[in-house]
Amino acid sequence: MREVMLSTLAIDALEDYVNGLFIKFLNELDNVKLKIVCRNLKEMLIDFVPPPLVNEVTLRLLRGLDNSFSLIRIEYTVIEIVAKHFVNAVIHPYVTKLHFGPEFLHEYMRGFDWNYIALFVYYELGNLNRLKYFRMSTDLNVMLGGWNSLELGMVGLPSTLHEFTFMNHCNDSIIGTLCESCQNLKCLNVSKSIYVSNLSVGSILKLKHLVQLNLENTNIAEGGVTELLKGLTESTVSRCGYLCSCASQLLTFGCSNVTSSHVHTLAMNFPNLICVVLTCGKSCNLLELKEMYNVNALSLSYVKYPQIENLLVSLGSQIQYLDIYDVGPINVMAIGEACTLLKCLHIMSSDTSSIPPADDFCTPLA
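Numbering of the sequence shown is given in the working numbering, commencing with residue 194 and proceeding in unit increments.
These aren't lab readings, by the way, just hints derived from the structure by calculation.
Computed from a prediction, not measured in an experiment: that's the story for all the values here.
Computed cross-link-like contacts, SDA-like style, restricted to lysine to any residue with a CA-CA straight-line distance of at most 25 Å:
# : residue 1 : residue 2
1 : 226       : 261
2 : 399       : 373
3 : 217       : 205
4 : 497       : 542
5 : 475       : 414
6 : 379       : 489
Required output: the full structure, derived from the provided sequences and hints.
Have a look at this one:
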């Protein structure tokens with residue numbers, strides 16, 4: 194217990210020290226001193242931060258720099274110069290995990306509470322040859338008028354990556370770079386990125402070890418979804434001396450523009466899915482999902498609610514996380530009766546007439 198407390202105090206003191214230097218250079222820019230100080234800071238962190246604390250210290254120092262943005266009001270060019278040097282200094286070369294956001298699906302709706310430092314972190318990724326997990330999982334607040342105007346596809350990515358979560362701002366160019374560089378990637382989540390299109394499908398199919406894939410609310414059209422599902426079903430990978438389809442190793446799958454045919458393919462060829470995230474097209478029939486006996490997390494958008502209620506008659510007893518969006522009038526009591534193991538429920542709809550008052554949520558079902 195004493196060791197934990199001492200390490201916490203040391204990290205707190207280090208964070209205060211780095212923040213003080215950062216604000217000092219923002220207020221009084223000296224390029225020569227800036228380079229010297231940041232070089233010495235990086236060397237100090239490499240020499241003295243023990244390996245078990247590398248991830249924690251790196252994220253704490255980045256958080257401190259990010260919080261400092263709320264204390265300053267100066268022109269962006271100065272911020273850019275100083276931030277680039279400090280981010281390079283505080284990101285430990287042995288860092289394995291950088292998470293800028295909460296867990297996927299049922300937690301991400303809390304919002305993104307980082308400011309501008311994430312952009313400068315992204316430009317450092319190519320230098321982090323031990324990084325395994327990178328996550329930016331909701332919208333980002335960036336001074337430069339949006340990530341989409343930046344040449345992020347030119348940024349190198351480490352081949353060591355196992356997770357790449359980059360919601361809202363990914364594009365086809367980044368996907369191309371990622372899939373060429375990171376052949377061992379296991380988790381890819383670029384949901385809500387409108388600049389990811391059918392052009393990315395071929396690149397994604399090069400990844401043979403995916404267990405999580407979320408492309409919901411991208412610009413991948415119906416034909417692209419068909420090509421993707423077909424490719425995942427037909428592609429094989431060797432596991433323990435046996436060949437299996439890439440579809441069978443997926444545990445999470447999400448996409449938009451889903452048709453009844455796509456649902457059939459998922460039900461028949463993706464038997465091990467535990468999390469399904471679908472934004473459906475008109476006249477999409479979901480009932481075949483009732484054959485997916487491993488699913489415990491379900492997110493459905495633009496589906497007529499009666500379909501969902503019928504589906505939950507079969508799947509409800511295994512569902513722990515349920516998100517439903519714009520599905521019309523909802524029978525919350527029926528959901529509660531069907532989903533006896535439910536831990537998390539999100540309902541987003543313009544029609545709230547059937548949602549009971551908050552006082553009723555704690556009332557036991559009869």
